[in-house]
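Chains as they are written, first to last, in our numbering: chain A, 1359 to 1471; chain B, 3 to 114.
Everything labelled a hint here was simulated from the structure, so no lab data went into it.
All C-beta atoms, glycine included, are put in the ideal place defined by N, C-alpha and C.
One or more of the hints may lead you astray.
[Unchecked claim] Label pairs and their calculated CB-CB ranges:
# : chain 1 : residue 1 : chain 2 : residue 2 : range
1 : A       : 1398      : B       : 100       : 21 to 27 angstroms
2 : A       : 1412      : B       : 18        : 46 to 52 angstroms
3 : A       : 1423      : B       : 32        : 25 to 31 angstroms
Chain by chain, the residues:
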Amino acid sequence: QVQLQQSGAELAKPGSSVKISCKASGYTFTSYYISWIKQTTGQGLEYIGYINTGSGGTNYNEKFKGKATLTVDKSSSTAFMQLSSLTPDDSAVYYCARVIAYWGQGTLVTVSS
Amino acid sequence: DVVLTQTPPTLSATIGQSVSISCRSSQSLLHSNGNTYLNWLLQRPGQPPQLLIYLVSRLESGVPNRFSGSGSGTDFTLKISGVEAEDLGVYYCVQSTHALWTFGGGTKLELK
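Okay, chain B solo, but in the shape it has when bound (with noise of 0.2 angstroms):
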C-alpha cells in the first residue's frame, strides 16, 4: 500500500505569512501514462475535504494562485504565498496514481 507522510501536522501562522506542507510517498507516483496525481485538498470544519491542487501544480478552478504545488516522484509540497482568513482548516494530500487512492494525515493549519 501507499503511504503518503504529510508533515508539519500543526501549522501556525499569521496573516500575510507564506507557509509550506511536505508530503512524502512511500512509492513513486508517476503513473505509467507520464502524470503524475498527487493532489491537495482543503476541509473547512464541518465542510467536505475541496480540491485545491491537481495533478502536483495544476490550480483547480476557482483555487486562489497564492496555492502553488510542486514536486516529484515522491516528494512533494504545497506552499501558500500569504495566509489568508478563509485559508484555516486541514489540508490532506491525496494520490490517485494507484487504484485505491491514500491520504496523508492532514495538516492543520491555525491563526497564531
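Okay, chain A solo, but in the shape it has when bound (with noise of 0.2 angstroms):
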C-alpha cells in the first residue's frame, strides 16, 4: 500500500535550516508528484509547493519562495524539503503529500533559542 514515512522531530535555533524527509513506498515514485504543506494553529493548512519527482522541476507558492527548497533522490524513493534561515515562524508541523489522497504523518519543526 502507499505510504509517505517522515523524518523525525526537530529542534532548531533560529537562523539555522532543517531538512525533512519523505520516503514513499508502495507505488512508482517517479509517476506522482510530491507536495508539501505547513499547518499552524493559527493559520491552517497552507500549501508550500510541489516538486515533479521525475524531472526535478519545482513548483513553489510564492510566500515559500527563499525560504523552502524540494528536492529528490530518486534512488532511494525519498522527496526532502529544507527550510532555511528559520524564525520561530516557521514552527510547523510540515506534511508531505501524493496527490490528495496520500499523506505523510507529519514532522513537527519546532524553533527556538
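Reassemble the complex: the two chains are provided individually, in unrelated frames, and hints are given to aid placement.
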C-alpha cells in the first residue's frame, strides 16, 4: 500500500536550517509529484509547493520562495524539503503528500533559541 | 490566487443530526479537462488530514456513505447525514484544479 514516511521532529535555532525527508513506498515514486504543506494552529493549512519526482522540477507558493527548497533522491524514493533562515514563524507541522489522497504522518519543526 | 471560504468555522451537532459545510471559491474550479478538483478532508486530533471526497462528489474508498459532496463552479457543500462520534474533527475543503493547492480555513465539528 502507498506509504509516506516522514523524518522525526526537529528542534532548531533561529537562523539555522533543517531538512525534512519523506520516504515513499508502495508505488512507482517517479509517477507522482510530491507536495508539501505547512500547518500551524493559527494559519491552518498552507500549500508550500510541489516537486516533479521524475524531472526534479519545482513549483512554489510565492510565500515560500526563498524559505523552502524541494529536492528528491530517486534512488531511495525520498523527497526532501529544506527550510532555511528559520524564525519562530516557521514552527509548524509539515506534511508531504502524494496527490490529495496520501499524506505523511507529519514532522514537527520547533524553532527556538 | 484562489481563495476558498469555508462556513461555518464551528459546527455543534448531536449524534444523528445532519449537518452541512459550505465552501466558496474566488474562482471557478472547473479545469480545462472538464473535471472539478474540489476535495474534502477530515483531520482528527493528532492525525494528518484524510481524504473523504474528491472531484466534488466521489467518495474515497472506505469512507462511509453518510458523507456526500455536491456543487459546481465556485460553490460546494459537504453534507453528513447522521453525525457519528468518529466524525468529530476539522473539515477542510481543498482545491487542486490550479497547480498550487489552496485550502479552506476549516470547520470544526464538535458535539453539542
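* Which of the listed hints are not met by the structure? -> none
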